[in-house]
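Number of protein chains: 2
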Amino acid sequence: MATTGTDMSRMREMNQLSIVWALRGHPPSTVTELARRAGLSRPAVDVLVQALVADGWAEVEEPGASSVVGRPARRFRFRATAGHVLGIDIGVHKILVMLSDLEGSLVRTVRRPADPQAAPEARLAAVDGVIDEVLRDAGMTPGDIWAVTVGVTGPVDATGRTTLSTPLPGWHAADPAAHLAARFSCPIQVENDCKLAAVAERWNGAAQDADDIVFLLAGLRTGAGLILDGTLRRGHGGAAGEIGALKAVRWLTAPGHLESCPGIPATAAPGEAAAWVFQAARDGDRGAKAAIRRYTRDLAVGVAALVLALDPQVVVYGGGFSRSADVILDPLRRELAKHCLRLPELRASTLGDESVALGAVRLALDEVDSRLLSDGLAAPAAPRR
Amino acid sequence: MATTGTDMSRMREMNQLSIVWALRGHPPSTVTELARRAGLSRPAVDVLVQALVADGWAEVEEPGASSVVGRPARRFRFRATAGHVLGIDIGVHKILVMLSDLEGSLVRTVRRPADPQAAPEARLAAVDGVIDEVLRDAGMTPGDIWAVTVGVTGPVDATGRTTLSTPLPGWHAADPAAHLAARFSCPIQVENDCKLAAVAERWNGAAQDADDIVFLLAGLRTGAGLILDGTLRRGHGGAAGEIGALKAVRWLTAPGHLESCPGIPATAAPGEAAAWVFQAARDGDRGAKAAIRRYTRDLAVGVAALVLALDPQVVVYGGGFSRSADVILDPLRRELAKHCLRLPELRASTLGDESVALGAVRLALDEVDSRLLSDGLAAPAAPRR
Chain A
1 MATTGTDMSR MREMNQLSIV WALRGHPPST VTELARRAGL SRPAVDVLVQ ALVADGWAEV
61 EEPGASSVVG RPARRFRFRA TAGHVLGIDI GVHKILVMLS DLEGSLVRTV RRPADPQAAP
121 EARLAAVDGV IDEVLRDAGM TPGDIWAVTV GVTGPVDATG RTTLSTPLPG WHAADPAAHL
181 AARFSCPIQV ENDCKLAAVA ERWNGAAQDA DDIVFLLAGL RTGAGLILDG TLRRGHGGAA
241 GEIGALKAVR WLTAPGHLES CPGIPATAAP GEAAAWVFQA ARDGDRGAKA AIRRYTRDLA
301 VGVAALVLAL DPQVVVYGGG FSRSADVILD PLRRELAKHC LRLPELRAST LGDESVALGA
361 VRLALDEVDS RLLSDGLAAP AAPRR
Chain B
1 MATTGTDMSR MREMNQLSIV WALRGHPPST VTELARRAGL SRPAVDVLVQ ALVADGWAEV
61 EEPGASSVVG RPARRFRFRA TAGHVLGIDI GVHKILVMLS DLEGSLVRTV RRPADPQAAP
121 EARLAAVDGV IDEVLRDAGM TPGDIWAVTV GVTGPVDATG RTTLSTPLPG WHAADPAAHL
181 AARFSCPIQV ENDCKLAAVA ERWNGAAQDA DDIVFLLAGL RTGAGLILDG TLRRGHGGAA
241 GEIGALKAVR WLTAPGHLES CPGIPATAAP GEAAAWVFQA ARDGDRGAKA AIRRYTRDLA
301 VGVAALVLAL DPQVVVYGGG FSRSADVILD PLRRELAKHC LRLPELRAST LGDESVALGA
361 VRLALDEVDS RLLSDGLAAP AAPRR
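Chains as they are written, first to last, in UniProt numbering: chain A, 1 to 385; chain B, 1 to 385.
Check before you lean on any hint, since a few could be wrong.
Since the list can't tell identical chains apart, any single copy or any two copies may satisfy a pair.
[Said to hold, decoys possible] Cross-link-like lysine to any residue pairs, in silico, SDA-like; alpha carbons within 25 Å at most:
hint	residue 1	residue 2
1	247	265
2	338	167
3	94	338
4	289	345
5	289	21
6	247	115
7	247	298
8	94	105
9	247	377
10	247	294
11	94	182
12	338	268
13	289	338
14	338	166
15	247	142
FYI, nobody ran anything at the bench for these hints, they're computed from the structure.
Full structure from sequences and hints, please.
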């Protein structure tokens with residue numbers, strides 16, 4: 001079979017892509033190293049990597065003066081700043097926007113409080129404001145962004161909406177993807193906050209070594225995200241992990257045991273009340289310890305349901321309350337032992353309340369990678385020189 | 001790189017295997033058809049398929065007299081009887097042994113009642129007796145069997161034992177794999193009954209079109225098996241699907257609502273009592289209908305926990321009670337609607353109480369296939385001519 005011009009161009013593109021993959025996640029590399037990693041000849045790699053430098057996908061690292069005898073080889077590295085992605089957490093009480101380069105290094109993170117009672121239009125306008133601030137600080141425009149992922153509360157359907165259930169006022173009719181599409185021409189995806197946080201803990205957090213993870217987003221509300229066989233479990237209609245909707249699982253009322261603890265200052269806001277209880281328990285307050293026992297007793301029913309259903313390797317306790325895992329994990333473990341046949345490891349999140357936005361960054365990077373693999377280097381956008 | 005003798009032999013083996021795969025699951029095929037399917041040349045396939053016939057992996061189908069003009073091509077088919085597997089269901093009340101050829105066609109099925117109170121040694125001796133009967137009827141010896149899979153009740157650990165929990169008396173210490181290894185030299189695996197039944201429903205039953213399945217094994221006891229993304233979910237310690245162990249889930253007591261239904265003949269055994277209730281409900285008995293409502297109300301709590309956790313496409317109602325799905329599914333659906341955010345399809349099993357043994361056959365065939373792929377055609381055993 002004769003090789004056509006289109007075949008040649010596609011083969012060159014595939015080889016370029018294999019050099020990009022050979023550069024990423026490695027220290028600066030010589031042509032010889034790249035040739036070995038990509039399984040291509042040295043002269044071919046020489047040509048390909050020069051083209052990648054010209055196109056903005058790779059950078060040259062000139063050899064230092066402190067080098068060994070003879071002419072040292074030039075080294076090349078992936079140009080992580082060729083493109084950027086946004087990870088956005090639209091929470092009840094906060095908006096958190098992270099700007100990341102293509103290696104997942106955060107360039108800019110901005111967090112602003114949100115009004116829990118804000119209507120969808122006002123909440124989305126506030127999100128726009130935080131995005132503006134992030135882009136302005138970084139000297140970028142929406143055209144510099146290659147993918148956006150947004151985390152919201154409630155199960156997200158295939159259209160990116162939370163029609164089944166959401167604690168945000170009026171939000172079941174909101175369409176954040178359509179709203180952002182007015183400014184961004186790149187792919188925009190919307191995902192459930194607990195699912196994103198689970199992705200983040202496996203990427204950069206407390207469960208990097210595990211393939212089977214139950215993640216708890218614990219705070220004034222409680223939710224769960226599942227990683228099974230290393231893959232985020234979305235569910236047939238996007239509603240996996242919603243065990244908290246079951247009445248027999250007492251997640252809705254569990255945090256109330258903290259808020260009704262005797263001794264909480266009358267002026268404390270709900271979030272501060274829980275923090276007061278956790279600190280009082282650390283200081284040995286018996287009432288506070290009893291309140292935490294009641295909280296973990298109710299929390300454990302839903303966690304046990306997930307553990308018995310899925311038999312995971314690790315349960316990660318994350319979300320706002322995870323800062324107080326030191327006074328929660330032991331009583332929670334004791335309660336779980338009463339319910340479960342086989343007790344998984346119980347770990348505290350290392351990402352706290354940044355996990356949702358970080359998971360959004362990870363999914364946005366996955367989106368860029370999958371477009372690179374399916375459509376080639378021209379697909380996401382021309383790298384910015 | 002020079003091609004060594006070993007390379008050549010391995011390449012020939014791989015090509016033979018690709019012809020085996022091109023034969024299987026197809027009607028008898030010509031060399032031309034096989035060449036296209038396997039991506040090999042016609043002369044090469046001609047040689048390979050003759051060797052497969054000589055080795056007992058393939059059979060020739062001579063062209064019939066009613067043929068078209070010209071000399072018709074010979075056709076070849078996979079010799080499904082080259083090897084056989086056993087699927088064994090060791091239940092509380094029954095022992096069911098299925099002998100299958102390599103295409104999953106059942107050669108022999110024998111079912112015998114088991115004593116619910118039998119000690120492990122007596123139960124395993126009874127299993128030996130049923131296996132003897134199956135092999136004798138088929139004119140085979142243990143050496144003709146290429147893989148054995150055994151289904152048991154309770155979560156199965158990596159050693160094939162049910163140390164965590166089992167309703168079979170004394171069975172937590174039993175080691176059925178070791179027992180059978182005294183007679184069979186082929187691989188023997190032990191798996192949980194609900195998991196095997198779930199595999200069977202996706203293979204040949206009510207959920208062949210679905211990748212995300214919650215399977216219920218419903219009878220005097222209730223259990224669950226999960227297929228997620230098309231793969232059996234075993235769990236990190238083999239204990240996935242054990243939601244029934246949670247006290248808040250009322251599966252342990254749910255069948256009691258049937259047994260306590262007014263009007264059941266005093267002489268009825270437990271299994272017959274439930275059958276009486278289902279029939280009475282069909283005949284319009286209000287007390288029986290109320291008993292079924294109470295049963296489904298309790299059953300639904302655990303099913304809803306699995307549905308909310310996993311958001312499956314399909315829930316299959318299987319096991320002994322599935323013969324009465326006509327009077328159970330509607331009330332169960334109404335109860336689930338009260339608990340779930342998104343209701344999956346609810347279907348009745350089409351395999352009934354044969355599903356465990358059938359799933360065991362399927363896993364045994366998978367075991368043969370995986371050895372073929374990893375070790376080649378010589379691995380499972382020499383085909384019996």
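Cross-check of the supplied hints:
no.: 1; hint: 247 / 265; result: neither (31 Å within a copy, 37 Å between copies)
no.: 2; hint: 338 / 167; result: between (31 Å within a copy, 19 Å between copies)
no.: 3; hint: 94 / 338; result: neither (36 Å within a copy, 33 Å between copies)
no.: 4; hint: 289 / 345; result: within (23 Å within a copy, 44 Å between copies)
no.: 5; hint: 289 / 21; result: neither (51 Å within a copy, 63 Å between copies)
no.: 6; hint: 247 / 115; result: neither (28 Å within a copy, 40 Å between copies)
no.: 7; hint: 247 / 298; result: both (11 Å within a copy, 13 Å between copies)
no.: 8; hint: 94 / 105; result: within (22 Å within a copy, 60 Å between copies)
no.: 9; hint: 247 / 377; result: neither (50 Å within a copy, 55 Å between copies)
no.: 10; hint: 247 / 294; result: both (17 Å within a copy, 17 Å between copies)
no.: 11; hint: 94 / 182; result: within (23 Å within a copy, 65 Å between copies)
no.: 12; hint: 338 / 268; result: neither (34 Å within a copy, 36 Å between copies)
no.: 13; hint: 289 / 338; result: within (19 Å within a copy, 35 Å between copies)
no.: 14; hint: 338 / 166; result: between (32 Å within a copy, 18 Å between copies)
no.: 15; hint: 247 / 142; result: neither (44 Å within a copy, 52 Å between copies)
The structure fails to meet hints 1, 3, 5, 6, 9, 12, 15 from the earlier list, while all remaining hints are met.
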